[in-house]
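Enquirer: Assemble chains B, C, D, E and F onto chain A, guided by the hints.
Number of protein chains: 6
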Amino acid sequence: MTGLDPTYIDQIVRMALTEDIGSGDITTQLTVPENAEANAEITAKQPGIIAGLDFVQAIFNSSILESPSAEVRAIVLPNVKDGDRVNAGDCIAKISGQSRTILTGERCVLNILQRMSGIATLTAEYVNLVSQTKARIVDTRKTTPGLRRLEKYAVTVGGGYNHRFGLSDGILIKDNHIAAAGSITAAVNAVRNGAPAAMKIEVEVTNLEQHNEAIAARADIIMLDNMSLEEMRKAVEIVDGKALLEASGAVNKNTVKAIAETGVDIISVGALTHSAPSLDISLNFIK
Amino acid sequence: MTGLDPTYIDQIVRMALTEDIGSGDITTQLTVPENAEANAEITAKQPGIIAGLDFVQAIFNSSILESPSAEVRAIVLPNVKDGDRVNAGDCIAKISGQSRTILTGERCVLNILQRMSGIATLTAEYVNLVSQTKARIVDTRKTTPGLRRLEKYAVTVGGGYNHRFGLSDGILIKDNHIAAAGSITAAVNAVRNGAPAAMKIEVEVTNLEQHNEAIAARADIIMLDNMSLEEMRKAVEIVDGKALLEASGAVNKNTVKAIAETGVDIISVGALTHSAPSLDISLNFIK
Amino acid sequence: MTGLDPTYIDQIVRMALTEDIGSGDITTQLTVPENAEANAEITAKQPGIIAGLDFVQAIFNSSILESPSAEVRAIVLPNVKDGDRVNAGDCIAKISGQSRTILTGERCVLNILQRMSGIATLTAEYVNLVSQTKARIVDTRKTTPGLRRLEKYAVTVGGGYNHRFGLSDGILIKDNHIAAAGSITAAVNAVRNGAPAAMKIEVEVTNLEQHNEAIAARADIIMLDNMSLEEMRKAVEIVDGKALLEASGAVNKNTVKAIAETGVDIISVGALTHSAPSLDISLNFIK
Amino acid sequence: MTGLDPTYIDQIVRMALTEDIGSGDITTQLTVPENAEANAEITAKQPGIIAGLDFVQAIFNSSILESPSAEVRAIVLPNVKDGDRVNAGDCIAKISGQSRTILTGERCVLNILQRMSGIATLTAEYVNLVSQTKARIVDTRKTTPGLRRLEKYAVTVGGGYNHRFGLSDGILIKDNHIAAAGSITAAVNAVRNGAPAAMKIEVEVTNLEQHNEAIAARADIIMLDNMSLEEMRKAVEIVDGKALLEASGAVNKNTVKAIAETGVDIISVGALTHSAPSLDISLNFIK
Amino acid sequence: MTGLDPTYIDQIVRMALTEDIGSGDITTQLTVPENAEANAEITAKQPGIIAGLDFVQAIFNSSILESPSAEVRAIVLPNVKDGDRVNAGDCIAKISGQSRTILTGERCVLNILQRMSGIATLTAEYVNLVSQTKARIVDTRKTTPGLRRLEKYAVTVGGGYNHRFGLSDGILIKDNHIAAAGSITAAVNAVRNGAPAAMKIEVEVTNLEQHNEAIAARADIIMLDNMSLEEMRKAVEIVDGKALLEASGAVNKNTVKAIAETGVDIISVGALTHSAPSLDISLNFIK
Amino acid sequence: MTGLDPTYIDQIVRMALTEDIGSGDITTQLTVPENAEANAEITAKQPGIIAGLDFVQAIFNSSILESPSAEVRAIVLPNVKDGDRVNAGDCIAKISGQSRTILTGERCVLNILQRMSGIATLTAEYVNLVSQTKARIVDTRKTTPGLRRLEKYAVTVGGGYNHRFGLSDGILIKDNHIAAAGSITAAVNAVRNGAPAAMKIEVEVTNLEQHNEAIAARADIIMLDNMSLEEMRKAVEIVDGKALLEASGAVNKNTVKAIAETGVDIISVGALTHSAPSLDISLNFIK
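Chains A, B, C, D, E and F, in that order, give the protein sequences.
Numbering-wise (the numbering used here), the first sequence opens with residue 1 and increments by one.
Numbering-wise (the numbering used here), the second sequence opens with residue 1 and increments by one.
Numbering-wise (the numbering used here), the third sequence opens with residue 1 and increments by one.
Numbering-wise (the numbering used here), the fourth sequence opens with residue 1 and increments by one.
Numbering-wise (the numbering used here), the fifth sequence opens with residue 1 and increments by one.
Numbering-wise (the numbering used here), the sixth sequence opens with residue 1 and increments by one.
Looking at chain A on its own, in the form it has when it is part of the complex:
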């Protein structure tokens, strides 16, 4: 898993805190003394894979949460690290510091940690289901607007792999591209002629005839779109290592294992980022 740099983390934190706090947490400022201190714990309320711990400290470090005159800040002591599995009741991190900082930052901490851990947890389930095969679980572009890097990182924390980040760093020739170019062969040639040589060329096919044409056109990766298990097995047999095969469409927890067993190299799962339920996590003050 390749990490997120502090500048990116800081940018997300700033966006989240600014949106939530507006011109100030008026309730906390009027009820909690500036010098009050507290201890708190972040606790898992269901089992899962934790992702996003760097955001917790970054939120409590943010100058948006700082009172100009306060000397105490909130310190985070993580009990686990990104990628660790927790059980319900496990302590994820301890926090001690200024009560106001903890109270005002709490909601953003949980919003981010729950979402990222939810994605990591769902990814790990898929990875586990195909662990007896060589297939990689990869994500898609079906991510939340503005949060793609964060969500793709969470996929890697759960053991998955990233597909292209966006439209400019990968080539994927789909049905409408093929139609516009005239044929798979024409489309692949146009791309090979115009695109950087360092980019692999992926072609989406829906049947074995197209599959054969893609192989003949020397596609680097072939996406088998909504094919039956039978067709996928055939496609694996035909390709014989001349290209990587990616299965796509109708992938869910019930079907992923059988798909992997057909011998495809890659299985893309939109649900990883699109429908991952949040992991239930709470933050509680302790005495």
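Honestly, I wouldn't trust all of these hints.
Computed cross-link-like contacts, SDA-like style, restricted to lysine to any residue with a CA-CA straight-line distance of at most 20 angstroms [stated by the list, open to error]:
no.	chain 1	residue 1	chain 2	residue 2
1	F	Lys-134	D	Arg-218
2	A	Lys-242	A	Arg-192
3	D	Lys-134	F	Asn-193
4	E	Lys-174	F	Pro-33
5	B	Lys-242	C	Ala-216
6	F	Lys-174	E	Ala-36
7	B	Lys-200	C	Lys-200
8	B	Lys-134	C	Arg-192
9	F	Lys-134	D	Ala-190
10	E	Lys-200	A	Arg-218
11	A	Lys-253	B	Asp-280
12	C	Lys-200	B	Ala-195
13	B	Lys-200	C	Ile-215
14	C	Lys-253	D	Ser-275
15	B	Lys-242	C	Lys-200
16	A	Lys-45	B	Val-251
17	A	Lys-174	B	Ser-282
18	D	Lys-242	F	Ala-197
19	A	Lys-45	B	Asp-225
20	D	Lys-253	C	Pro-277
21	E	Lys-174	F	Ser-282
22	F	Lys-253	E	Asp-280
23	C	Lys-45	D	Ala-271
24	C	Lys-134	B	Ala-195
25	C	Lys-134	B	Arg-218
26	A	Lys-287	B	Ala-179
27	B	Lys-242	C	Arg-192
28	E	Lys-134	A	Arg-192
29	C	Lys-200	B	Asn-189
30	F	Lys-134	D	Asn-189
Per the computed footprint, the stretches of chain B lying under chain A, defined by three or more beta-carbons under 8 angstroms from a beta-carbon of chain A, are [said to hold, decoys possible]:
no.	stretch
31	13 to 21
32	31 to 38
33	92 to 104
34	144 to 154
35	159 to 167
36	176 to 183
37	269 to 283
Some chain F residues flagged as far from chain C (calculated, every beta-carbon gap over 10 angstroms) [said to hold, decoys possible]:
no.	residue
38	Glu-19
39	Asn-128
40	Thr-133
These are calculated hints, taken from the structure and not from any lab test.
Heads up, the beta-carbon is just placed ideally off N, CA and C, and yes, glycines get one too.
Expert: Chains B, C, D, E and F only, in chain A's frame:
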């Protein structure tokens, strides 16, 4: 429902397209001629409430999708409007224009429309479940970082109401505020003395003793946190119109109707924005 | 008074310094050696209430004023704190550090400190004039574009209260809204039905007939616009605690006391932010 | 007078509207129908010079005020132009269009127009007082953080001139620069040697001895700081056209004429931007 | 060649104009009447390939160059299009419109057009030198900070190809990576295991032994760094189509042809963006 | 030479690193362990003047290059300072720290340092050629979009001077301005009447007749555009100290000395920023 202004819509569209397109949709640019035109349809693949149509036209209007030399742009003709109910197979909008524009913008259109319609659809289910009562369904601050306005708008499209936008435009005194201030009475007085007079004061209580104290302190709204139905009924009886009552905690589709029938005024549901599954929607080229 | 967070302070400081310094303080760079150090004092030249001290240190801390190779920075030792009253000749803060930093930052320090202290001083005069009554002095939206938070903070430093921050965090039904909705009753009902339940509803009225209608419609706050003292007294008598009353219009230092004595709860004064003269403050190098 | 470009105007408008409107003008959206139209007038309530008319149309044109589905926008028909003198009761501009747009933009229109017209009006008073002399009235760097261009433009509308915009586009050697460099001569030489040849060199002097040294050092402009009228007359006599003379300090409406009559070329007045009272202007709906 | 979208163009234009114009083109505003109109021509003063024409119209369209009250804007009529070859004296485009707009925008137009055309022209020279071979000329990351997309686009206009845009969209294993990983084999395996499957793996080698190891590790592209012609010929012979070969280092106009004739697939040339001399182009008013 | 402030440096660094790194240096993250450390040297590969050292440390300090969990950062120990002359093989700076930080930042360090040192080196050559005369070498507005401050700083490091930064901080009346105003005299008078008194007025002339008119109109600086040496000598004789003279046009290393010897005060050279070849500099890991 109060709308989203074009400047906000444009800002979200820019964030989404920039992230997805990077330095250019290389596949489309190499396979689809600049002057090719196409017609497409956005179709519901499951029943639900549509939200976010202003984003569809805004995406296809974005100069990020424009070729400097192209004269044709993509026009969107919506068949429905925000808040309308659709069935599987219903056409949501027709699009006609430059093939490149439609292909490059497709993913962002679907990512936004599916998320917003998912929230509106889930909200409408909750609203429908309590329709025989006076209870309002309201959202929470459990939203996606950076997308709170968009998601809160989708809640109103589904018939729900918005709770405070963030920490600066509403007062909600919770357990840790009460502990810091010494008592509910002390906390409410501190807030009444310091906050703008135009703000209502809401207090979270977990039992009837606290409830009575909140009423005596003249709280404007009392949040009944994780109370039993029996306790809520009692709370309604006791308050006798002297404050609004909000039910919170353990609200789901199975429990919401009974909660509403206790007579509370407001029911807050984190799941509206936190766990709404995307509505399945597709975009297809037509001949 | 609820404070300004360091991120906001930093943003204002950056805007002010960038505008003033452009590509560099050429005079200082060519005449003052990089390693020269100096001591300076910020002094009040007339009596008043000081507001904005956090900005002084923030300006001298700004990396815009930093020379990459300098090791000395300017340290600010405040003699007073926000809200303190000073007399002419009183030292507000001592500064010691790099001469260049102090010289280049001087103008921005004074521009901000004079404006904020001017607002706090004027507010305190109004607050003092009504101190024998229960009336609160509140600000309005008649603020300087881009500086509303800063100016509203200065009002609280002077002992005043804030009205709504802007159009989205408070409801104020004025004559044109009433005309559009058909009546006060219709307007209040439309708002009650559509707005978040946590928001109070304020209605502007110009005579006692409207006042009665607003009470009957259960407005939370009634703004008495340009009413005579006699009418305001009547309005207080009529409302009998069923709503808060806000006096508005023709409020100045000569009239505010009599207005407060009518028994209204709130008096809004546009002049606090609109016409507060700057407090005269100077920064001098000392030997 | 050199104008403000639309991009700058748009940036100020965006800052003002965003700050004021937040997530939406909830009162207007709930009480005024989307298709309601209205006519309104902007009227002077006291005599003065109008400045800032470009902002009025820019505000009502802003997409922040636009409803995605509205077809009508607010059109502004100005009766006067920047620099025109108006009397109390004069119509400044007529507006017709969408009621919502006019109501939501009203406060920002008035906040900007009143401030700019106030500066232009005060400047014109100073310019008028010295009109029988050759002296130019110029502004200073004592402006509102973030609004310097706007305020300096308003000064030119009132017939004044701009001094340097900030620290990088003009040289002004003050007492602390002289002290650091060792002498006026040393300071001027250091600047002449290091600064772009296209920049004039201005030196601040407080007595005639320094004045003579500045002339000898071939300063282009000499600022006479807080000198008596007698000294200024002497300074004019001495300099004999070898440099421009600028009077500064203790300039007010009572003193400015006598100062101008000493024969100085330039009189700088901090109060133009620092203490100009707003011009009273209102916006009213008309039947 | 894949184009630049209008949003990117607009962003570069805004950066260039803002930097150049500051608070206004004071000379033009004081000497040229607002309603003056003019015709002008952009002319090549030396032969070359033109790139960047979209920027010319975008600059003259920019609202930064617009006077709020002007009705005439500058229209650009291009005589050629990006990629066309011109001779000295050829008219590149005619401009007609507001004199002020043309004069104020002139410098930015030329700064951008000269730079981009310089890169396109130099690239075309390299492409021409290898036109009898299969070798592609590609650019590097040796670009101007902030202008990479613009410069890489100019390379494609000249007939070159783009290498990876930056560090995240391509894999290039260099000597220090190899040293850290232990061996070429270890480095390639680490990358293959961790990187998206859609990315090709490129390895830099400096001798034939490394070359053989890279082939054995199944690198997709092998960069031959500073190899002799003799070594490159051997490398081509050895690889036998199992990987693409890229020549790098000591490439200039004297050596590129011989390098291409060794049979390598790709030749990367830092000088394309790093040292391309500007193409001499002028803008003149015509009667 | 007047320095660049850290905020500006940081802004350029952020722009460069963001552009180059995108979502992460995938090669380095997969091949180099997070805790690996290294030493490296930046070395001149040809003789020249170094400029830009503050950027080297700023790049390695940037949080974009920081791993959240890493404790080691890259420390830069410069051997020289801006303005120092180096020979081929000279060590410019030593770097020690986290291997990943050094590898990922390397390209941006070199791109900036090579460009700035190239400009400083070329400037120094021109300055040296005219060192026996009083002429100053100055830059122009022919700079790279977005990098003007950086490039103008590099000119001062090489011993040159800056001309105006942009259109708002200097007056230069050119042929089209003269034509629009009617005559040199009319143009100068219009500018003198409207521009700030602190600005010098420069006029471009192409023959001695215009030269005489400019002197008579009391221009502060006269730009002799593309005049012959003979004409320039005449112009110097005629002006007799009544204005500064600037030579412009057809200035190159072969002509600059003779131009200086005509007695002009200033020689402007577009090539300083427009065509300075990068100085060859490398960064190498050392054992």
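Enquirer: Which numbered hints does this structure break?
Expert: none
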